[in-house]
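Student: In order, the protein sequences belong to chains A and B. For the first sequence, position 244 (counting from the first letter as 1) is numbered 244 according to full-length UniProt numbering, and the numbering increases by one without interruption. For the second sequence, position 39 (counting from the first letter as 1) is numbered 39 according to full-length UniProt numbering, and the numbering increases by one without interruption.
Honestly, I wouldn't trust all of these hints.
[Stated by the list, open to error] Coverage of chain A stretches by chain B, computed from C-beta distances (three or more under 8 Å per stretch; other residues unrestricted): (1) 280 to 293; (2) 303 to 312.
[Stated by the list, open to error] Just a few of them, taken from the derived set where beta-carbon distance is under 10 Å, the chain A residues facing chain B: (3) 37; (4) 171; (5) 178; (6) 273; (7) 276; (8) 316.
Derived by calculation from the structure, the hints in this document are not laboratory data. For every residue, glycine included, the Cβ atom is placed at its ideal position computed from N, Cα and C.
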Amino acid sequence: MGKRTPLYDQHLALGAKMVDFGGWDMPLHYGSQVEEHHQVRRDCGVFDVSHMTVVDLSGSDAKVFLQMLLANDVARLASPGKALYSAMLNERGGVVDDLIVYLTEDGYCLVVNAATRDKDLAWMQQCSEGFDVELRERADLGMLAVQGPQARARTCEQVNHVRAELIRALKPFQGFADGDWFIARTGYTGEDGLEIILPQDQVAGFFSELVGAGISPIGLGARDTLRLEAGMNLYGQDMDDSTSPLISNMAWTLAWEPAERQFMGRAALEAQRAQGALPRLVGLVLEERGVLRAHQVVRVVGVGDGEITSGSYSPTLGKSIALARVPAATGVRAEVEIRGKWYPVRVVQPTFVRHGKVLI
Amino acid sequence: MSDIRADLRYAASHEWARLEADGTVTVGISDHAQEALGDVVFIELPDVGAQLAAGQEAGVVESVKAASDIYAPVGGEVIAVNTGLADGPEGVNSDPYGSWFFKLQPSDVSELDKLLDADGYRAAADEA
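Generate coordinates for the entire structure from the input sequences, incorporating the hints supplied.
Tutor: This is the structure we're talking about:
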């Protein structure tokens with residue numbers, strides 16, 4: 001039996017098909033994954049993301065520690081509530097995890113992946129040697145994501161007036177603490193929406209209110225197709241300890257300036273960058289019927305081979321899409337082997353859908 | 001609980017087979033199978049005219065989640081395929097027993113007797 005979030009019984013009562021995800025029993029879907037996907041793109045839905053790991057960081061060295069630990073620069077967080085997406089690297093420049101870090105009144109709050117919890121905490125602890133910092137996992141907290149064009153408006157109807165005003169005023173990638181809740185305008189779907197961190201014992205009540213108000217519960221299945229359409233990486237699939245951000249479509253998250261900031265993995269990344277001709281993580285679109293899947297081989301005639309890292313059916317496009325790591329010189333066409341046959345695919349920027357609009 | 005119809009025969013690999021009055025056999029996948037697969041998005045069907053042995057690969061069902069092979073429950077010649085599935089693969093989820101995949105002219109009708117009946121299939125599906 002896996003670990004359970006405070007919503008386990010409600011998922012079952014809502015008819016969820018449960019699956020193991022990184023040691024957690026989580027809802028895959030509540031009937032139709034494709035319908036749930038459309039629901040988020042068109043209106044909104046609520047996800048249980050209480051399996052994710054929340055870590056508070058405090059201490060007089062908190063800022064300099066994170067400036068060493070993370071490839072993005074927390075100096076960019078100008079005021080409490082601001083959020084930053086970053087990779088946490090090892091010495092070789094490989095991605096230990098990707099995470100969101102919020103500046104808080106007392107320090108920082110990091111949200112890391114569930115499946116990588118143990119190694120993340122161990123790595124942070126190890127790196128914190130010599131720094132005056134305190135890392136505290138917040139297992140007492142749960143987390144809900146409400147995502148979709150109507151997510152903020154619908155959530156506002158379920159909270160008090162003051163909280164609703166604060167939600168309406170939020171800018172993207174910004175959050176606020178309100179009592180023991182933390183509400184941020186972030187997400188993993190390519191739509192507007194909120195991620196709400198709240199005490200575990202309040203998760204079930206708030207989830208019930210949202211679902212009772214007609215906001216559909218959405219499972220991990222749709223979460224995966226939504227993030228894939230949005231061109232967002234999934235840790236362990238599109239990047240891991242052995243792949244650097246430079247070959248994972250995450251170069252935009254690297255803060256090279258100031259040049260004297262010696263973040264973990266920097267030297268390895270600089271060496272890679274100098275070497276040049278690095279593989280790229282690109283988007284693929286299959287125009288024919290079929291479904292692209294992780295680990296299928298990508299062939300670029302005259303250039304070389306690559307591999308699909310995430311592939312699925314895109315409910316918004318009505319065709320299959322994928323993320324793939326391909327040679328640097330790859331152009332706009334490639335082929336993918338599906339069950340022994342080669343199918344032509346289009347190579348595109350890996351953002352397929354954003355804010356309900358098809359971009360490819 | 002999944003719907004298992006008494007008037008059909010089933011393969012352990014989750015295809016259903018129905019002997020029609022004209023001696024042909026219609027094939028699809030069970031309610032249990034569609035439930036396990038989740039949203040079906042694409043189906044690869046055999047060619048009309050193909051000769052299949054019982055248990056031979058006859059096509060592929062792709063759901064959002066995974067691809068899985070479909071097998072011929074009995075041997076015979078493929079005499080028709082359901083081309084409507086190309087544009088409406090989701091029918092397999094909403095109506096698995098109406099959404100047939102292909103029809104066979106069986107080479108040996110008695111092969112149907114080797115398939116599971118509803119009770120046998122229910123027992124097999126429960127274990128899986």
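Student: Now look at each hint and say whether the structure bears it out.
Tutor: Here is what the structure says about each hint:
1. 280 to 293: holds (count 4)
2. 303 to 312: Contact hint for the segment 303 to 312 of chain A vs chain B: violated, 1 residues under 8 Å.
3. 37: Since chain B brings a Cβ to about 9 Å from residue 37 of chain A, closer than 10 Å, the hint holds.
4. 171: violated (33 Å)
5. 178: violated (37 Å)
6. 273: Hint violated; residue 273 of chain A Cβ to chain B Cβ min 37 Å, cut 10 Å.
7. 276: violated (37 Å)
8. 316: violated (13 Å)
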